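Chains as they are written, first to last, in this note's numbering: chain A, 1 to 268; chain B, 269 to 580.
Simulated from the structure, these hints should not be mistaken for lab results.
Just so you know, these numbers come straight off a predicted model, no measurement behind them.
Glycine residues also receive a C-beta, built at the ideal position from the N, C-alpha and C atoms.
Don't take every hint at face value.
Unchecked claim - Partner residues aside, some chain A positions facing chain B, computed with beta carbon under 8 angstroms:
1. L63
2. L77
3. I129
4. V130
5. L133
6. L255
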Amino acid sequence: MAVGLTLIFGVMRVVNFAHGDMMVWGMYLAFLFATRLGVDPYLSFPVCAAALFLLGVVVQRGLVDPIIEAPHEMQILLMLGVALVLENVALLAFGPEPARVRSPLARLTWDVGPLYVDVARLVTFVVAIVLTLALWLFLYRTDLGRLIRASADNHYGALVIGTDVRRIYATAFGIGAACVGAAGALVSPILPFQPPTGLSLSVTSFNIVIIGGMGSLVGAFIGGLLVSVAESLGAVFLRPSLKELFSFSLLIVILLFRPAGLFGKRQP
Amino acid sequence: MKWAMAVALAVLLALPAVLSGYAVTIFVLIFFYAFLSQAWNIVGGYAGQLSAGHAAFVGVGGYTAALLFERGITPWIGMFVGGALAAVLGAIVGYLGFRFGLRGFYFVLLTVAFAEICRILATNVDAVGGAVGLYITFTGDPRQFQFQDQRAYYYIALALMLLATGVAALIERRRFGIYLTAIREDETACEALGVDVFRYKLLAMVVSSFLAGLGGTFYAFQNFSLQPGAVFGIPLSVEIVIRPIIGGAGTLLGPILGSFILTPLGEVSRSYFGQSGLHGAHLIVYGVLLISVVLFMPQGAYPFLRRLLKRP
């Protein structure tokens, strides 16, 4: 999930505050597919990703593009507005009750020696790795991917060699949103969700991206692992409700001493 | 302009005599949020340091006053103790943020992280009420900052709003205010000219958090309860940030105008849609307004209106 955010930020230096809410929309789409059409979230996630891709492109084209040159603060506020709208439209549409998608996979477990492995979590984990790899390949091995990275690196340079930078931005934003949509659909059988979940998801993914390093895919992945491990350890040794304390403390320390993140390349 | 202000003030002073109880409550909220927004405006508007964690200061102020009240110290004193503690927290956040040169988005995240840590701590430390929060026993004693009559809160909230606006006006007229605006416009150039950027940003943060801390006491003793999620949570920070932005950040009247626009809108749509079970509608309104302000009048409503009025 943080992979999508890091792509959006890394390419366009736009901070997407609506990230978690987009993810919640991915979850609700999966929920709709599962309840209305009986499609398992593990099959419908590409559709969710495609829908979120469209949403991402629309938001970028219609809202972010006109102020792409404006200071960061304005973009933060804009995305905050988008987040408020997305979250509360979800609240209006789906109500405040927590929802959960039922998938037959979620009830299966495998015995591996002394461990029980939750099949649903395993599948989610594997798909997440595959998606990250695919995104990496896309960014580093295809022309479009190279153009995205070039636009991120040097806006004017990319313009000079004839890139349609605005289109690249829209694509990148869309792909970022699609990643979140896929992630949302994939975790929907594991994680119960409700519209306000979006906010905490946004905050968590910011943690991950900052800790891992802005604009670095590997960083996002490792940051994600680090944050989850820190939170689980905190939950085991102290109270479960205190677990977020660790990720926020980690965030402050990283912000102060290594603001580019553990794997970030440049100073902010 | 001075005349208009005097008339507006006279009207506000006389209003409670003719308003219904519900309308008075709404005005209390308008003034209270205008006050908090004005406090935010000092650091967020003038100095351009976007803090998204001002709820933390409100929470610290409110909790301090409420805890002192339980030990028999009147909130009239507790208010200032709370403000002072909030200012200390503001100084810590500001010191770390500014000393390590965090700008823009990174500073936003730092303030959010601090506010969230406060929220998590308040939720988990049972000595301050834990997840249930604190409840204040109602005595109706004015010496304990408790009033039977909402109109008393009306005047206190009005006074707070005027206080914060007075402080902002004072800052605006002095060299300090000019430094802050200059820092917002171009921090590097300021440093090059020998302005002690760090000192002024820190000072702005301290003043702002002190005021927000005072507001915490008002919140606690108007609602007679404090919940960690409500006073430390991100939604309150958003409420505080959004008003000056829509009204016009870095202007004296912007936060007030923003609060006069948003608070009634929020309250009315909340009660109107809330009745039909449509929660969250007021936040959609906020979101749409925020998006349109950023896109169409990034300076905010007040500068926009002023330009309209000045045009012959």
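Outcome of the hint check:
The closest approach between the C-beta of L63 of chain A and any C-beta of chain B is roughly 6 angstroms, which is under the 8 angstroms cut-off, so the hint is satisfied. The interface hint given for L77 of chain A holds, since its Cβ lies 5 angstroms from the closest Cβ of chain B, which is under the 8 angstroms cut-off. A distance limit of 8 angstroms between C-beta atoms decides the matter here; for I129 of chain A the minimum to chain B is near 27 angstroms, and the interface restraint is violated. The criterion of a C-beta within 8 angstroms of any C-beta in chain B is not met by V130 of chain A, whose closest approach is roughly 30 angstroms, and the hint is violated.
Among the interface hints, the one on L133 of chain A is violated; its C-beta lies about 28 angstroms from the nearest C-beta in chain B, farther than the 8 angstroms criterion. Interface hint at L255 of chain A: satisfied, since its Cβ lies 5 angstroms from the closest Cβ of chain B, which is below the 8 angstroms cut-off.
Hint check: violations occur at hints 3, 4 and 5; the rest are consistent with the structure.
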